[in-house]
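Below, each chain spelled out in residue letters.
2 protein chains.
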Amino acid sequence: MAQISESSIFPAGEFQLDDTLKGIPGGTKPFPLSQIGQRGWNVLREDLPLPLMVLKRSVLHHNIRVMQSFLEEHGLSLAPHAKTHMSPQLVQLQLSSGAWAITAGNVSQVQVFRRFGVQRIILANQLVGRQNVRYVVEDLNADRGFEFFCLVDSIAGVRHLASLAEQFGLSRPIKVLLEGGYWGGRTGCRTLQQACEVVAELRNARRWLTLAGVEGFEGSISRDNPAEALQQVNHYLGFLKELLAALNPEDFAGVEEVIFSAGGSAYFDVVAKSFSALEFPVPKRIVLRSGCYLTHDSRMYAESAKEMLARGLRGPQLQAALEVWSYVQSIPEKGSAILSMGKRDCPYDYYLPTPLRRYRSDEDTLDLSACRITRLNDQHAYMSFPESLDLRFGDRIASGISHPCTAFDKWRFIPIVNDEYDVVDGLITHF
Amino acid sequence: MAQISESSIFPAGEFQLDDTLKGIPGGTKPFPLSQIGQRGWNVLREDLPLPLMVLKRSVLHHNIRVMQSFLEEHGLSLAPHAKTHMSPQLVQLQLSSGAWAITAGNVSQVQVFRRFGVQRIILANQLVGRQNVRYVVEDLNADRGFEFFCLVDSIAGVRHLASLAEQFGLSRPIKVLLEGGYWGGRTGCRTLQQACEVVAELRNARRWLTLAGVEGFEGSISRDNPAEALQQVNHYLGFLKELLAALNPEDFAGVEEVIFSAGGSAYFDVVAKSFSALEFPVPKRIVLRSGCYLTHDSRMYAESAKEMLARGLRGPQLQAALEVWSYVQSIPEKGSAILSMGKRDCPYDYYLPTPLRRYRSDEDTLDLSACRITRLNDQHAYMSFPESLDLRFGDRIASGISHPCTAFDKWRFIPIVNDEYDVVDGLITHF
Numbered sequence: 442m443a444q445i446s447e448s449s450i451f452p453a454g455e456f457q458l459d460d461t462l463k464g465i466p467g468g469t470k471p472f473p474l475s476q477i478g479q480r481g482w483n484v485l486r487e488d489l490p491l492p493l494m495v496l497k498r499s500v501l502h503h504n505i506r507v508m509q510s511f512l513e514e515h516g517l518s519l520a521p522h523a524k525t526h527m528s529p530q531l532v533q534l535q536l537s538s539g540a541w542a543i544t545a546g547n548v549s550q551v552q553v554f555r556r557f558g559v560q561r562i563i564l565a566n567q568l569v570g571r572q573n574v575r576y577v578v579e580d581l582n583a584d585r586g587f588e589f590f591c592l593v594d595s596i597a598g599v600r601h602l603a604s605l606a607e608q609f610g611l612s613r614p615i616k617v618l619l620e621g622g623y624w625g626g627r628t629g630c631r632t633l634q635q636a637c638e639v640v641a642e643l644r645n646a647r648r649w650l651t652l653a654g655v656e657g658f659e660g661s662i663s664r665d666n667p668a669e670a671l672q673q674v675n676h677y678l679g680f681l682k683e684l685l686a687a688l689n690p691e692d693f694a695g696v697e698e699v700i701f702s703a704g705g706s707a708y709f710d711v712v713a714k715s716f717s718a719l720e721f722p723v724p725k726r727i728v729l730r731s732g733c734y735l736t737h738d739s740r741m742y743a744e745s746a747k748e749m750l751a752r753g754l755r756g757p758q759l760q761a762a763l764e765v766w767s768y769v770q771s772i773p774e775k776g777s778a779i780l781s782m783g784k785r786d787c788p789y790d791y792y793l794p795t796p797l798r799r800y801r802s803d804e805d806t807l808d809l810s811a812c813r814i815t816r817l818n819d820q821h822a823y824m825s826f827p828e829s830l831d832l833r834f835g836d837r838i839a840s841g842i843s844h845p846c847t848a849f850d851k852w853r854f855i856p857i858v859n860d861e862y863d864v865v866d867g868l869i870t871h872f
Numbered sequence: 442m443a444q445i446s447e448s449s450i451f452p453a454g455e456f457q458l459d460d461t462l463k464g465i466p467g468g469t470k471p472f473p474l475s476q477i478g479q480r481g482w483n484v485l486r487e488d489l490p491l492p493l494m495v496l497k498r499s500v501l502h503h504n505i506r507v508m509q510s511f512l513e514e515h516g517l518s519l520a521p522h523a524k525t526h527m528s529p530q531l532v533q534l535q536l537s538s539g540a541w542a543i544t545a546g547n548v549s550q551v552q553v554f555r556r557f558g559v560q561r562i563i564l565a566n567q568l569v570g571r572q573n574v575r576y577v578v579e580d581l582n583a584d585r586g587f588e589f590f591c592l593v594d595s596i597a598g599v600r601h602l603a604s605l606a607e608q609f610g611l612s613r614p615i616k617v618l619l620e621g622g623y624w625g626g627r628t629g630c631r632t633l634q635q636a637c638e639v640v641a642e643l644r645n646a647r648r649w650l651t652l653a654g655v656e657g658f659e660g661s662i663s664r665d666n667p668a669e670a671l672q673q674v675n676h677y678l679g680f681l682k683e684l685l686a687a688l689n690p691e692d693f694a695g696v697e698e699v700i701f702s703a704g705g706s707a708y709f710d711v712v713a714k715s716f717s718a719l720e721f722p723v724p725k726r727i728v729l730r731s732g733c734y735l736t737h738d739s740r741m742y743a744e745s746a747k748e749m750l751a752r753g754l755r756g757p758q759l760q761a762a763l764e765v766w767s768y769v770q771s772i773p774e775k776g777s778a779i780l781s782m783g784k785r786d787c788p789y790d791y792y793l794p795t796p797l798r799r800y801r802s803d804e805d806t807l808d809l810s811a812c813r814i815t816r817l818n819d820q821h822a823y824m825s826f827p828e829s830l831d832l833r834f835g836d837r838i839a840s841g842i843s844h845p846c847t848a849f850d851k852w853r854f855i856p857i858v859n860d861e862y863d864v865v866d867g868l869i870t871h872f
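For the record, the sequence lines run as chains A and B. Numbering-wise (this note's numbering), the first sequence opens with residue 442 and increments by one. Numbering-wise (this note's numbering), the second sequence opens with residue 442 and increments by one.
Hints may contain errors.
Identical copies go unnamed one by one, so any copy, or any two together, can satisfy a pair.
Straight-line alpha carbon distances no greater than 30 Å define the calculated DSSO-like cross-link-like pairs of lysine-lysine that follow [what the hints assert, rightly or not]:
1) Lys470 / Lys747
2) Lys616 / Lys747
3) Lys470 / Lys616
4) Lys714 / Lys616
5) Lys470 / Lys497
6) Lys775 / Lys616
7) Lys725 / Lys616
8) Lys497 / Lys747
9) Lys725 / Lys714
10) Lys616 / Lys497
11) Lys747 / Lys714
12) Lys775 / Lys714
13) Lys725 / Lys470
14) Lys470 / Lys775
15) Lys497 / Lys725
16) Lys725 / Lys775
Please keep in mind that the hints were generated in silico from the structure rather than gathered at the bench.
Pulled out of the complex, with its shape left as it was, chain A reads as follows (with noise of 0.2 Å):
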C-alpha cells in the first residue's frame, strides 16, 4: 500500500485565497492556500462563515484505504474519475495513492489536469471537435510522456478523430478504447456488429488511432429498482467481455498492454466479480474508474453501499466525507425552518441534503434524523422538522449531501477539517 501524509494532501500551496471566495470570512486579505492551517480556524467556533462545505480529513484517508484494499484484494487498476472533485489537491493525492491513471470527462479537464502534471489521462468520452482534438494533438506531440486514451463508438466517430489528427499534424497514435454501450443508455456501440465495424475503420486509421482496449459504463444504469438494475448490470458487463472476446490480439499490436474499463462508485464489486476470470490472450489490465468513493456520500453511494454490503462486499466500508453547513434563518411556520444554503451549495439532481445534527453557540448538539429537507432554491432550503425539537434562529445546521460530483462543483475552495473540525487544510477547484 502506497504511503500516504495524513498531514497534508496539498503539495503547492501558492493559490491565493481572499474574501471573495465563498467560504472566506469578509475582511480576510489574501493568502496562500498553504497556510490556511495556521490560521487557527475552527468550524464549532464560527470562525468561518456559513454556508460552507467541509471535507473531514480523516474520512478522506479512510476511504482511500478502503478502496485500495478493494483493488489490491482484486488485482484492479484504478483510475479515479477526478470530474467528481475537479480539486488538483485530490488528484495528487490519489495518484500518491496508488491511483494508476486519471480519468476526465471531457478536454477541458485534460486540460486542467495536465496543468497540474497529470501523466496518465483516460478520457472516458468520445474527443469530438476542433479545439479539443488539436489541443490533444499537440499535447501528445510536445510530450513524449504523455499517456492519454479516450472512447471510440462509430465509424464516424473514428473517422473524424483521424482526420483532425492527420491535419494537426499528429506525431503518434491515440490510443483509443472501444466503447460498449447497452439500449437505451448513453453512448457506446450497442451490438457486436457494430463494435466490428469500428474495429475495421480502426484498421483503416492506423496511422492515427490504436486500439487499446474496451470500456464501458455500467453507473447510468436507472437504480430505481435495485434488483432489475443489478440483472442489467451484470448482463451489460456480459456483453463488454464479449466484446473484448470478439476481438482479434492483433487489433492490439499496437499496445503492450489491453485495457478492459468499467465501473463507476456503485457497482465496482459487481464488476470486479465479473472481470475477475477474465480470458484473453494478452497481457491486460483491468481499470476501475470510480470517482466518488473518495468522499462518498450520505444518501445516494449510502444506499450503493449497503447493496454491495448485501451483496458481500467484507471489509471496511466507506464513509461519508462531505457535510455541507447552514444556518436556521427563519422558522416562519411550526415545524418548518428556512436554512441558510440552496441549489448554490449542495447537489440536487438526485436526492436532496439529509440534515445530521444541529449545533448551538455553546456547542450542544442535537441529532437531526427526524428532520427532512422537502425543497431548495437557489439560496434557501426548507426543513421540516418535529415540533418537539428544539431548534432556534442562529442554529448551525449540518447535513450531508447526496452525489458528490454535483457537491464539489458549487464550491470553489473546501476546508478540510479533523475530527475536532479545525481547519487542517484545504482545496481548490477547477470546474
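Put chain B on the given structure of chain A with help from the hints.
Same frame as chain A, but now just chain B:
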C-alpha cells in the same frame, strides 16, 4: 435613459484567462480578459472548444433597454438580484444603466460586490451568523458611504442581529426591511400580528437597527397553475401593502425614504400595477429586484413573458441572451443523440435545455425545434430527434437554457459574442 456602452462592458479586465478555465482553448497562455476581443475568436469557426456558454451582446443590451423603459414608465427603482450572474462586469453594467442598488442573496455575495465597489446593497435575506454579521458591521463602520439593507422576520432574528451588532461595536444602525411572507412559503412574517411584534422588538433595538421599509418575494409561489399563481401573487402583494399600512410613520424616523420592495423576474408587471397607487405618508421608493431580466431564457422565463404579454404588458419583449453549445458525440441509436454537455454546463432544476439550431463545419444551419433533450448526466445530454433530421457526429448544437441563475453558476468564464458570434468581450463570475 442612462448611456450604455455597446462596445465593452468590462471596465478593468486584469483577470487572467488561461486554459484551466472551461471554454478557453487548450494551450492558450494566460492573457488579461480585457484583451479577449483582440484574439479574433469566432464561435461559428470553432475557435473555442465546446461545451461553451455564450452571452449575446445585442440581446443583453436590448433587455437592459426593455427593463429601463418599464421602470421609467412605472416610476420604479431597480436593485437587480446579482446572485443570478455573480459577475462584477454585469454589476457595473447594471449600475451604469441606472440600477439604484444591487441585491445579494447572502453575505458571501455581499463580500464579492463590495470588493468590486458597490456602494448600495440589499441583502434580500436574513443576516445571520457570527462571521456574516461581523463582516457587515466592520464594513459599515469602515465606510460611511456604504448603504446596506437586510431583512428581518422574527423577534429572535432582531435580537440575534442587535446582540452581534453590539458585540462587534457597530457605529451606525443597520437598515432593515420587514419581510412579509405567505403561508407555506419561504421566510417572512405570515401575519400582521407577527410583523407588529417584530417592529416592536425593533423599537427596543433602535440603537443597532433602523426600520427602512417592507419587503417580500412573490417569485417562489408555485407557477404550476398560472391562473392560481397569479391570484396568490396578487393576494400576497396585497398583504405586503397591508403590512406597510399597519406601520406607524414614526417607525421610519431613522430613514429619509421608505423602501417598499418585491418583484422577481416573473411578475414585475403585476408588482408594478399593484404598488402603483400606494399611499403612505412618508417619501417612499418602490424597488424591484429582478435578476433574470438581463439574460432572460428560452423556457422558464420565456413562459413568464408570455403570461405577461397575455396580461397586457406592451412594448418590446425580453429575449434569451444565453446559449450553451455542445457537440454531437454519439448517435448510438436511431433518433437518439448524445451531446457533449451535461449538468456541469447547463441548468436542470426547472427544465432541461431547449435545442435551437444545428451547425456544421460548412456553416449550414438547421432548426432543431423538433428535437428534445430528455436527460442530463454530469457531462452528457440525451437528445431525441426525428430520424429524418440530418444529424451527424461532430455537429454543433446550440441550446437555449431555462433559469439563468443555474446557468451562470456553471461557468467561470463566459464569452460575449456579437450577432456574427465573434467573441467581442468576456465575463468572469464569482460563485
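Taking the hints in turn, this is what the structure says about them:
Taking CA atoms no more than 30 Å apart as the test, Lys470 paired with Lys747 passes in neither setting, with 45 Å inside one copy and 47 Å between copies. When the C-alpha separation of Lys616 and Lys747 is checked against a cutoff of 30 Å, the pair qualifies neither within a copy, at 37 Å, nor between copies, at 51 Å. Proximity of Lys470 and Lys616 under a CA criterion of 30 Å is satisfied inter-copy only: 27 Å between copies versus 46 Å inside one chain copy. Taking CA atoms no more than 30 Å apart as the test, Lys714 paired with Lys616 passes inside one copy only; the shortest distance there is 27 Å, against 64 Å between copies.
In this assembly of identical chains, Lys470 and Lys497 lie within 30 Å of each other by CA distance solely inside one copy; the values are 25 Å within and 35 Å between copies. For the homomeric pair Lys775 and Lys616, the shortest alpha-carbon distance between copies (28 Å) is at most 30 Å, but the shortest distance inside one copy (61 Å) is not. Proximity of Lys725 and Lys616 under a CA criterion of 30 Å is satisfied intra-copy only: 15 Å inside one chain copy versus 68 Å between copies. Only within a single protomer do Lys497 and Lys747 lie at most 30 Å apart by alpha-carbon distance; the minimum there is 21 Å, versus 48 Å between protomers.
In the homo-oligomer, the alpha carbons of Lys725 and Lys714 lie at most 30 Å apart inside one protomer (16 Å), although the nearest pairing across protomers, at 71 Å, exceeds that limit. Proximity of Lys616 and Lys497 under a CA criterion of 30 Å is satisfied in neither setting, with 37 Å inside one chain copy and 38 Å between copies. Taking the shortest Cα distances, Lys747 and Lys714 sit within 30 Å of each other inside one copy (17 Å), while across copies they are farther apart (55 Å). Taking the shortest alpha-carbon separations for Lys775 and Lys714, neither the intra-copy value of 51 Å nor the inter-copy value of 33 Å comes in at or below 30 Å.
For a Cα distance limit of 30 Å, the shortest separation of Lys725 from Lys470 qualifies neither inside one copy, at 52 Å, nor across copies, at 38 Å. In the homo-oligomer, the alpha carbons of Lys470 and Lys775 never lie at most 30 Å apart, since the shortest distance is 42 Å inside one protomer and 56 Å across protomers. Neither within a single protomer nor between protomers do Lys497 and Lys725 lie at most 30 Å apart by alpha-carbon distance, with minima of 36 Å and 50 Å respectively. When the C-alpha separation of Lys725 and Lys775 is checked against a cutoff of 30 Å, the pair qualifies neither within a copy, at 61 Å, nor between copies, at 34 Å.
Of the numbered hints listed earlier, those contradicted by the structure are 1, 2, 10, 12, 13, 14, 15, 16.
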